[in-house]
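Undergrad: Each chain, written out:
Number of protein chains: 4
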Amino acid sequence: MTATPHVILLEHTPEPERIVAAAARLCYSSSSATDLLERLTPERVQSFVSHLMSMGHESPIEHISFTFAIEGISRACSHQLVRHRIASYSQQSQRYVNMQQFEFVLPPQIAASSEAAAVFSAQMQGAQEAYDKLIELGMQQEDARYLLPNACETKLVMTMNARSLLNFFALRICMRAQWEIRALASQMLELVQPIAPSIFAKAGPSCVSEGICREGDLSCGRLSS
Amino acid sequence: MTATPHVILLEHTPEPERIVAAAARLCYSSSSATDLLERLTPERVQSFVSHLMSMGHESPIEHISFTFAIEGISRACSHQLVRHRIASYSQQSQRYVNMQQFEFVLPPQIAASSEAAAVFSAQMQGAQEAYDKLIELGMQQEDARYLLPNACETKLVMTMNARSLLNFFALRICMRAQWEIRALASQMLELVQPIAPSIFAKAGPSCVSEGICREGDLSCGRLSS
Amino acid sequence: MTATPHVILLEHTPEPERIVAAAARLCYSSSSATDLLERLTPERVQSFVSHLMSMGHESPIEHISFTFAIEGISRACSHQLVRHRIASYSQQSQRYVNMQQFEFVLPPQIAASSEAAAVFSAQMQGAQEAYDKLIELGMQQEDARYLLPNACETKLVMTMNARSLLNFFALRICMRAQWEIRALASQMLELVQPIAPSIFAKAGPSCVSEGICREGDLSCGRLSS
Amino acid sequence: MTATPHVILLEHTPEPERIVAAAARLCYSSSSATDLLERLTPERVQSFVSHLMSMGHESPIEHISFTFAIEGISRACSHQLVRHRIASYSQQSQRYVNMQQFEFVLPPQIAASSEAAAVFSAQMQGAQEAYDKLIELGMQQEDARYLLPNACETKLVMTMNARSLLNFFALRICMRAQWEIRALASQMLELVQPIAPSIFAKAGPSCVSEGICREGDLSCGRLSS
Chain A
575 MTATPHVILL EHTPEPERIV AAAARLCYSS SSATDLLERL TPERVQSFVS
625 HLMSMGHESP IEHISFTFAI EGISRACSHQ LVRHRIASYS QQSQRYVNMQ
675 QFEFVLPPQI AASSEAAAVF SAQMQGAQEA YDKLIELGMQ QEDARYLLPN
725 ACETKLVMTM NARSLLNFFA LRICMRAQWE IRALASQMLE LVQPIAPSIF
775 AKAGPSCVSE GICREGDLSC GRLSS
Chain B
575 MTATPHVILL EHTPEPERIV AAAARLCYSS SSATDLLERL TPERVQSFVS
625 HLMSMGHESP IEHISFTFAI EGISRACSHQ LVRHRIASYS QQSQRYVNMQ
675 QFEFVLPPQI AASSEAAAVF SAQMQGAQEA YDKLIELGMQ QEDARYLLPN
725 ACETKLVMTM NARSLLNFFA LRICMRAQWE IRALASQMLE LVQPIAPSIF
775 AKAGPSCVSE GICREGDLSC GRLSS
Chain C
575 MTATPHVILL EHTPEPERIV AAAARLCYSS SSATDLLERL TPERVQSFVS
625 HLMSMGHESP IEHISFTFAI EGISRACSHQ LVRHRIASYS QQSQRYVNMQ
675 QFEFVLPPQI AASSEAAAVF SAQMQGAQEA YDKLIELGMQ QEDARYLLPN
725 ACETKLVMTM NARSLLNFFA LRICMRAQWE IRALASQMLE LVQPIAPSIF
775 AKAGPSCVSE GICREGDLSC GRLSS
Chain D
575 MTATPHVILL EHTPEPERIV AAAARLCYSS SSATDLLERL TPERVQSFVS
625 HLMSMGHESP IEHISFTFAI EGISRACSHQ LVRHRIASYS QQSQRYVNMQ
675 QFEFVLPPQI AASSEAAAVF SAQMQGAQEA YDKLIELGMQ QEDARYLLPN
725 ACETKLVMTM NARSLLNFFA LRICMRAQWE IRALASQMLE LVQPIAPSIF
775 AKAGPSCVSE GICREGDLSC GRLSS
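Protein chains in written order, with the numbering used here: chain A, 575 to 799; chain B, 575 to 799; chain C, 575 to 799; chain D, 575 to 799.
Derived from the structure by calculation, the hints contain no laboratory data.
Hints are supplied without guarantee of correctness; some may be wrong.
Just so you have them, the derived chain D footprint on chain B, three or more residues with Cβ under 8 angstroms [unchecked claim]: (1) 589 to 603; (2) 683 to 691.
A few chain B residues that don't get close to chain C, going by computed Cβ distances all over 12 angstroms [stated by the list, open to error]: (3) Ile582; (4) Gly630; (5) Gly646; (6) Glu716; (7) Gln752; (8) Ser760; (9) Ile786; (10) Cys787; (11) Asp791; (12) Gly795; (13) Ser798.
Every residue, glycine too, gets a C-beta built ideally from N, C-alpha and C.
Next up, chain A with everything else stripped away, as it sits in the complex:
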């Protein structure tokens, strides 16, 4: 069965932009954080956080974090995801969870070609049968899974603070990233934007956030067109 990506925002720091504004003001004020919080109207929060972001002063946005439940992504995608080190992960283990009915991610380009899709599906079915056979032969799950494909579906709970998220969006919404993690990152951005609109207003690749592309010959050309 093919998997479809599914992301839920489980939790986040309450009143995120208000906390960021108070933390940032504290650096330049003799007042206490609680006094600063009291004086912060929603309008002042918004204008102050927008100003922070335009200056590239990102350290105060570390105070707020976002926890996502991510499902329906491949192990190819999760291997890229966990390379982001300023984050916390809890991932479904193929050592401890039985994969006798694994789902898989079918790349859109392959889905679009009936011949390629047939090759792909046959291979998925073969992997399932071979896995089941190994389990039947008494092999351990942690070993049988060596023949499971990169396409195999996985689930994670992931937490990132807003600064790390901005970096994640910059790298992974870029056209140079692979389609699967790009789709995941885009879903995540849609979830956080309503909650911290001033922080994530210009989130995305550097062509969006700064009007710059550093990809050289490998650029998608979006900026020059």
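Starting from the known structure of chain A, fit chains B, C and D onto it as the hints suggest.
TA: Same frame as chain A, now just chains B, C and D:
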């Protein structure tokens, strides 16, 4: 004027232990995080998180974070505090904030000796007068502050996740830590314990959490008495 | 073709224990680091670093780092490896490198059963043929690789400092870790031990380094036997 | 006695740019790291690393690290320094080291005004006398130091990898940084540039490395002049 330490818990991840339990279970389950969350009664959360902690499986507790407003501590203390690198800080700046009425932290041992306290207070007053004089002479705040004492009060907003907090409590509630950061850490622990009781039940130095002391000759002797 | 694990220590901080000893002494001395270095005979380095390690004072060992070339491991293993976040990785990309002659890691338990090994090998061959077919059909490498198995061989350059390595050895040489990363970690330990013998003398799981096991019911029982 | 800043590069990863080039090539090659290393002539290393830097692909430069002995800086400066979290520090402790002959950093702007310098020096002398008096009265060093000034000299051993160093130079060589840490960062850059010339060729604030300033109203105006 002497400063007194004051810590407020500004925000934290909502329902922290429930999130931790769901994240931890996900690793060993074929269910989705949302299904796991639904099935988690408060009792199961508590027993599951307590079990996690007894096994030393700390990675799931990274998903929850705590943001504190800290005031009334010295720059001596904040210099120790910011050495904890898995954390986020926004600190009142002596470059940008005028220190013409600075408060200071008076060490209890000094307060207890009238002669020492007199020497200390005179030095604080001298520092204030010299600072004011330098400002009057047109020196910049960022330079005038070079004569301000370590005792000078500072304010911070700090965020740590629960795993980093446990490490902070282990090192800084230990009798080998200095009295000021020990008091700060103890106040912080009192604030987080009611919110995540199973996670912080045995928080503190290794003599409390594990019944072990690694301080050798420098041990306070608590365990051997 | 089956892959065999191969690890080389490419580079490391020169004179690692001497640097650690000087850094650690600096904290408690009025001398300069260069004066401290001059006075450090090999004997004093060894006794001082051994003392540090017995006290669990690990921060000075962060100053030294080790860079490894790792080959012949599976993507299952590398997915576990990159979860160690205090480290730096450069990994061979399945997006950019053609996998038309991929090697694979054969789990020993499977190799030991002729029937299981036959199922496994057939599946590896099927994956290779299906991959080649998708490439022939014009699919992109980054998509065709979705059907490649976890067993697929990968290569990395990895750098860790000594403190992060100790944590890595503690978790991954433990009998609870999977055989492949356990073998990798053991090879790495053999490479660094001659270079920093006092630091890595007791490296390994907590049963070795501290005489404690926290795995509860899941313990291998080594300590209690 | 006034302190003067003094930085020594104690150690660094040997052949740093060669390691970076091999690590970076590994990502896009089917060859082993050792084969790649063999084929890397100095010319190819230089052109490849320069290309990497122009693309902003910084992850491979994490593999190399630099360890500095830093002396003659103030505690004001070290408090800023240790805010850089992707780094390792061993700092002389005012709890354990006697400060009865402390040196201090005299800000140049204050040195340039005889009246200000007199106020400053008197305050330093007063701090020394008060500190000595507290010690004489039996106060502990860790408490007596509360009256020591921010100007008080400190020593550190610090290790950063090249990626973290680039970020450090970007923030701290900027005209918006304070003069003392700016001087320190500039000295460090001079020490590493000959060792990894292609990596640090354009190191510095974003006006130097990218021709951009994000400081808005607070900009030094260097770019617009």
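Undergrad: Is the nearest CB of chain C more than 12 angstroms from the CB of serine 798 of chain B?
TA: At about 16 angstroms from chain C, serine 798 of chain B clears the 12 angstroms cut-off, so the statement holds.
Undergrad: With d taken as the least Cβ-Cβ distance between glutamine 752 of chain B and chain C, does d exceed 12 angstroms?
TA: holds (14 angstroms)
Undergrad: Establish whether the coverage given for the region 683 to 691 of chain B by chain D is satisfied; the threshold is a Cβ-Cβ distance below 8 angstroms, and no fewer than three residues must meet it.
TA: Our answer is that it holds, as 5 residues pass the Cβ test (under 8 angstroms) against chain D, meeting three.
Undergrad: Run the C-beta distances from glycine 630 of chain B to all of chain C and say if the shortest one exceeds 12 angstroms.
TA: violated (4 angstroms)
Undergrad: Is it correct that the beta-carbon of glycine 646 of chain B has no partner in chain C closer than or equal to 12 angstroms?
TA: holds (27 angstroms)
Undergrad: Just want to verify: isoleucine 582 of chain B was marked as not at the interface with chain C; is every Cβ pair farther apart than 12 angstroms?
TA: Isoleucine 582 of chain B clear of chain C: closest Cβ-Cβ about 30 angstroms, beyond 12 angstroms.
Undergrad: Against chain D, does the region 589 to 603 of chain B show at least 3 residues with beta-carbon separation below 8 angstroms?
TA: Violated: only 0 residues of the region 589 to 603 of chain B have a Cβ under 8 angstroms from chain D.
Undergrad: Would the non-interface assignment of glycine 795 of chain B survive a Cβ cutoff of 12 angstroms against chain C?
TA: holds (16 angstroms)
Undergrad: Quick check for students: does the CB of aspartate 791 of chain B sit more than 12 angstroms from each CB in chain C?
TA: violated (9 angstroms)
Undergrad: Taking the closest pair, is the beta carbon of isoleucine 786 of chain B still more than 12 angstroms from chain C?
TA: Violated: least Cβ distance 8 angstroms, not greater than 12 angstroms.
Undergrad: Closest CB-CB distance from serine 760 of chain B to chain C, is it above 12 angstroms?
TA: holds (22 angstroms)
Undergrad: Does the claim that cysteine 787 of chain B lies outside the interface with chain C hold up, using a Cβ gap greater than 12 angstroms?
TA: Not fine: 10 angstroms to the nearest Cβ puts cysteine 787 of chain B too close to chain C.
When held up to the earlier numbered hints, the structure conflicts with 1, 4, 9, 10, 11 and fits the remainder.
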